[in-house]
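Chemist: Numbering (my numbering), first residue to last: 1 to 154.
What the hints contain is simulated information worked out from the structure, not anything from laboratory work. The C-beta atom is built at its ideal place from N, Cα and C for all residues, glycine as well. You may find that some hints are simply not true.
Quick list of in silico lysine-lysine cross-link-like pairs, BS3-like style, CA-CA up to 27 Å [what the hints assert, rightly or not]:
| # | residue 1 | residue 2 |
| --- | --- | --- |
| 1 | Lys-135 | Lys-23 |
| 2 | Lys-21 | Lys-130 |
| 3 | Lys-23 | Lys-94 |
| 4 | Lys-34 | Lys-134 |
| 5 | Lys-78 | Lys-94 |
| 6 | Lys-34 | Lys-71 |
| 7 | Lys-135 | Lys-34 |
| 8 | Lys-23 | Lys-130 |
| 9 | Lys-21 | Lys-134 |
Between beta-carbon pairs, the in silico distance windows are [to be verified]:
| # | residue 1 | residue 2 | range |
| --- | --- | --- | --- |
| 10 | Ile-55 | His-149 | 45 to 51 Å |
| 11 | Gly-146 | Asp-66 | 43 to 49 Å |
| 12 | Ile-153 | Asp-66 | 56 to 62 Å |
| 13 | Gly-142 | Pro-86 | 41 to 47 Å |
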Amino acid sequence: MLSFFSFFPLLSNFFTGVITKDKSPWMIKPNFRKNWRIYLIAAFLPSTLIFFGAILYFLIFPNHLDLSGAKLVETYGKFGFPLNLPYTLDSIIKIGIVGIIISPFIIPVAIFALGEEIGWRGYLLPILMKLMNKKRAILLNGILWGLAHAPLIY
């Protein structure tokens, strides 16, 4: 259901453009050939940072680390995963590494994010940049994004 709401910025900007007869171009122009390194970093960096962040967390709070996998099995069980599979430290690490490798290729999740990217960055940000300097436009866009997502967090 939340994935559906990620299209609201795109739909809002579309209808705003129709109602106001705004012909502003949507500034989403990917250039994979020129920026392939940036796209590669953007694809793998988030999951890599999460993985290493977890390692850092457990280095700081080692008593929270459950090497038996009991907490993992309990959590997965809540989502319908089988509870009787043998989870070992080795298998948990492998699951983390596989997650890092496959996460950039989970296309359906990325499709839902397009509604937000096109809406917030492709349409709203260029309009804000016409009204104020770049730093203020980016800051205001971020504040508006944060306010729009605050109900999901709290």
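Chemist: Give a verdict on every hint.
Modeler: To see whether the hints hold, each was checked on the structure:
At most 27 Å may separate the alpha-carbon atoms for a hinted pair to count; Lys-135 and Lys-23 meet this at roughly 24 Å. For the suggested pair Lys-21 and Lys-130, the alpha carbons sit about 17 Å apart, so the restraint of at most 27 Å is met. Restraint check: the Cα-Cα separation between Lys-23 and Lys-94 comes to about 50 Å, which exceeds 27 Å; the hinted pair is violated. Proposed proximity of Lys-34 and Lys-134 is supported: the alpha carbons are some 23 Å apart, at most 27 Å.
Between the alpha carbons of Lys-78 and Lys-94 the distance comes to roughly 21 Å, so the proposed pair stays at or under 27 Å and holds. A threshold of 27 Å between alpha carbons decides the hint, and for Lys-34 with Lys-71 the separation of about 44 Å lies outside it, so the pair is violated. At roughly 25 Å between alpha-carbon atoms, Lys-135 and Lys-34 fall within 27 Å of each other, so this suggested pair holds. Between the alpha carbons of Lys-23 and Lys-130 the distance comes to roughly 14 Å, so the proposed pair stays at or under 27 Å and holds.
Proposed proximity of Lys-21 and Lys-134 is supported: the alpha carbons are some 25 Å apart, at most 27 Å. Distance hint for Ile-55 and His-149: a CB-CB separation of about 27 Å, inconsistent with the stated range 45 to 51 Å. Under the hint 43 to 49 Å, the C-beta atoms of Gly-146 and Asp-66, about 33 Å apart, miss the expected range. Under the hint 56 to 62 Å, the C-beta atoms of Ile-153 and Asp-66, about 26 Å apart, miss the expected range.
Taking the beta carbon of each, Gly-142 and Pro-86 are about 45 Å apart, inside 41 to 47 Å as hinted.
Comparing the model with each numbered hint stated earlier shows that hints 3, 6, 10, 11, 12 do not hold.
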